[in-house]
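With the sequence shown counted from 1, adding 201 to any position gets you our numbering.
Think of the hints as simulated: they come from the structure by calculation, not from any bench. A portion of the hints provided could be inaccurate.
Derived pair list, reagent style DMTMM-like, types lysine to aspartate or glutamate, alpha-carbon separation capped at 25 Å [stated by the list, open to error]: (1) K284 - D218; (2) K386 - D276; (3) K386 - E331; (4) K284 - E255; (5) K284 - E232; (6) K284 - D335; (7) K386 - D335; (8) K284 - E230; (9) K386 - D219; (10) K284 - D294; (11) K386 - D358.
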Amino acid sequence: MPIPHMGVFWGLRRLADDSGRFMVLDLREAEGDLLIDLIEGLAPFATGVVLLPEAVPVWRRYGSPRIGRIDAVTDMAALTEAKQRGADAVLADASLGAAATALQLARFGRDAAADVGLMAGALLDLLVVEAPLDALPPGVVGHWATGAFFAPVRMGDRAARRRHIADDLVVALQRLNVAALDGPKPTWIETAREDPRS
202 MPIPHMGVFW GLRRLADDSG RFMVLDLREA EGDLLIDLIE GLAPFATGVV
252 LLPEAVPVWR RYGSPRIGRI DAVTDMAALT EAKQRGADAV LADASLGAAA
302 TALQLARFGR DAAADVGLMA GALLDLLVVE APLDALPPGV VGHWATGAFF
352 APVRMGDRAA RRRHIADDLV VALQRLNVAA LDGPKPTWIE TAREDPRS
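Let's have the full structure, built from the sequences with the hints guiding it.
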């Protein structure tokens, strides 16, 4: 298993729990009060949050410095801004892979060269599933909760939405986190520690 660049490794380490697993919330489809409510209600139960660049100010106001941030970027300018704003990783296409590594940013993506892939064969042989499965398939180290996960809270008044987040979505996230612990223990952290460069 290839050893990640140390800057990439520490970006991934900040986005993982103590056992090396991920619970990533993709909040790119949320905005306004919904974005605030999801950050305040769900981020404490996640390891990382995916945001569009324009949502970073909201994250800085309502998010926690203890939770990692993944910026969704589409070009070099956005990638550079993500680095300058202290993102732990980026969600980016393979075309930005070399630049992300040069900036010491971990990269999530759907290609085999991503540091953490949304498919098999990533650099660290890690996977993140998009479906909220109760049990992780072999080799998968975490969940990627997309807009479909929080779709039920889009409607209704804010008070009802916050209750639904606390009573239902938090419980669902906790169930997924517990289910991930039953899967094979990820080895990427131990592998990196074995390398003399670390």
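Okay, the hints, checked on the actual structure:
Distance restraint check for K284 and D218: the Cα-Cα separation of roughly 22 Å lies within the 25 Å cut-off, and the hinted pair is therefore satisfied. The straight-line distance between the Cα atoms of K386 and D276 is roughly 35 Å, outside the 25 Å bound, and the hint therefore fails. Proximity of K386 to E331 is assessed by CA-CA distance (about 19 Å); at most 25 Å being required, the pair is judged to hold. A C-alpha spacing of about 14 Å is found between K284 and E255, which places the hinted pair at or below 25 Å, so the restraint holds.
For the suggested pair K284 and E232, the alpha carbons sit about 23 Å apart, so the restraint of at most 25 Å is met. Straight-line distance between C-alpha atoms of K284 and D335 comes to about 34 Å, which puts the hinted pair past the 25 Å bound. With a C-alpha separation of about 16 Å, the suggested pairing of K386 with D335 holds against the 25 Å cut-off. For the given pair, K284 sits about 22 Å from E230 by alpha-carbon distance, which is consistent with the 25 Å threshold.
Distance hint between K386 and D219 is fulfilled; the C-alpha atoms sit about 11 Å from each other, no more than 25 Å. Of the pairs offered as hints, the one joining K284 and D294 holds, with about 16 Å between alpha carbons and a cut-off of 25 Å not exceeded. Taken as a hint, the K386 and D358 pair is broken in the structure, with Cα atoms around 41 Å apart against an allowance of 25 Å.
Consistency with the previously given hints fails for numbers 2, 6, 11, ordered from lowest to highest.
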